[in-house]
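Sequential numbering from 6 applies to the sequence shown in the numbering used here.
Hint data in this document are derived by calculation from the structure and do not stem from the laboratory. These figures come from a predicted structure and were not determined experimentally. Possibly wrong hints are sitting among the right ones.
What follows is a list of derived Cβ distance ranges for each label pair [said to hold, decoys possible]:
no., residue 1, residue 2, range
1, A253, F147, 20 to 28 Å
2, A85, V51, 39 to 47 Å
3, S197, M252, 50 to 58 Å
4, V92, G194, 43 to 51 Å
5, T167, M144, 55 to 63 Å
6, V196, L55, 34 to 42 Å
7, R78, P113, 46 to 54 Å
8, R175, A85, 14 to 22 Å
9, A274, P150, 50 to 58 Å
10, R172, Q111, 46 to 54 Å
11, E225, K259, 27 to 35 Å
12, I135, V196, 20 to 28 Å
13, V51, S195, 28 to 36 Å
14, E290, R66, 23 to 31 Å
The list that follows gives simulated cross-link-like pairs (lysine-lysine, DSS-like), each with its CA atoms no further than 25 Å apart [to be verified]:
no., residue 1, residue 2
15, K263, K235
16, K50, K70
17, K259, K241
18, K294, K259
We treat Cβ as the ideally placed atom computed from N, Cα and C, and that holds for glycine.
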Amino acid sequence: MSRILRLSFILWGFIGAITSYGQSPENEDLSEQGPDLSEIFSAPKVLWALAFLAGGYLSIRIVSKAIQLLAERTTQYRIALKGLVPVIRILGWVTIIFIIIAGIFQPPISTVLALSASVGVAVGFASQDILKNIFGGIMILFDRPFQVGDKIEVGSHYGEVTEIGLRSTRIITPDDSLVSIPNSVIMNGSVSNSNTGEANCQVVAEIYLPITIDTVRVRELATEAALVSKHIYLNKPISVLFFNQVMAGRSFYKMRLKAYVMDIRSEFAFKSEMTELVISALQQEGILKVDEGIMSVDE
């Protein structure tokens, strides 16, 4: 609702600017030659414009919500469907504004052209940060470093993209917090994308193990643990890597179990399940003792 109020204020400002321009002393000749501005912006036309604006707003909201609900019911086409939402919103608003100006008010082209330069300069100076964010939002939609449904990391924030707006991009973090990141920040910084438009993504479970373990056998058990998970995506490889890590003067193996989750929404459930299955398998094999201080850490 706040968006439609902002658009209403912009619409009223546009009407006031054209009206004042037509009525200014230096443009008396232009106003005498052109059509009556009170007729162009008559009360019925203004009411029709506001009604069309409200109807367009509701239509965009309903269509966007329907697509999002449909996307949540599928895994294969979830990312593609969510990627349509910002495109539909922008095209919808462009169409609505064009119909209101060209179809309802129909101001003289000469007046619109005369005002475009002065209004553009005024808006540019008054809202440089907003314009940077809008430009960033447009570039994100065309360059597509990520799309709605992707898991991205921007600075210290990591989560799933839920909305790409003209001013900001919203993500949901793993702890269910909504974070709004200005598009200008995204364009001027680095963005890490976990899945790049695909439904699956790589998940890494890190487990610290004693230096005395049999790495060959542990690799076999870790691979089997990943394979039995209900979240595993089998079309991509599983890898198990070992690195030496020194903590508190003692050497450990840091094992990195890399596998792909079928649905990015199950990323952390898959990571937790792999960790639990590996530890359980190592204990059952007698490779790992309970008092050996094993621990799993998040990245």
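(request) Determine whether the Cβ-Cβ distance between A253 and F147 falls within the hinted range of 20 to 28 Å. (result) 51 Å, violated
(message) Taking 43 to 51 Å as the stated bounds, is the beta-carbon spacing between V92 and G194 within them?
(response) 24 Å, violated
(message) Can you tell me whether the CB distance of T167 to M144 sits inside 55 to 63 Å?
(response) 19 Å, violated
(request) Indicate whether the distance between the beta carbons of I135 and V196 respects the range 20 to 28 Å. (result) With a Cβ separation near 21 Å, I135 and V196 satisfy 20 to 28 Å, so the hint holds.
(message) K294 and K259 were given as a pair; does the straight-line alpha-carbon distance stay at or below 25 Å?
(response) Holds. K294 to K259 sits at ~17 Å (cutoff 25 Å).
(request) Starting from the range 28 to 36 Å, see whether the pair V51 and S195 falls in it by beta-carbon distance. (result) 47 Å, violated
(request) Check the following: the C-beta atoms of A274 and P150 are separated by a distance inside 50 to 58 Å. (result) At 27 Å between Cβs, range violated.
(message) The hint says 23 to 31 Å between E290 and R66; measuring C-beta to C-beta, is that right?
(response) 56 Å, violated
(request) Decide if the proposed pair is consistent with the structure: K263 and K235, CA atoms, cutoff 25 Å inclusive. (result) Measuring from Cα to Cα gives roughly 15 Å; hence the hint holds.
(request) Measure nothing beyond the straight line between the CA atoms of K50 and K70; if it is 25 Å or shorter, mark the hint as holding. (result) 30 Å, violated
(request) Would you check the hint for K259 and K241, treating anything up to 25 Å between C-alpha atoms as holding? (result) Holds, at roughly 23 Å.
(request) Mind checking the hinted window 46 to 54 Å against the Cβ distance between R172 and Q111? (result) 30 Å, violated
Violated hints for the displayed structure, listed by number in ascending order: 1, 3, 4, 5, 9, 10, 11, 13, 14 and 16.
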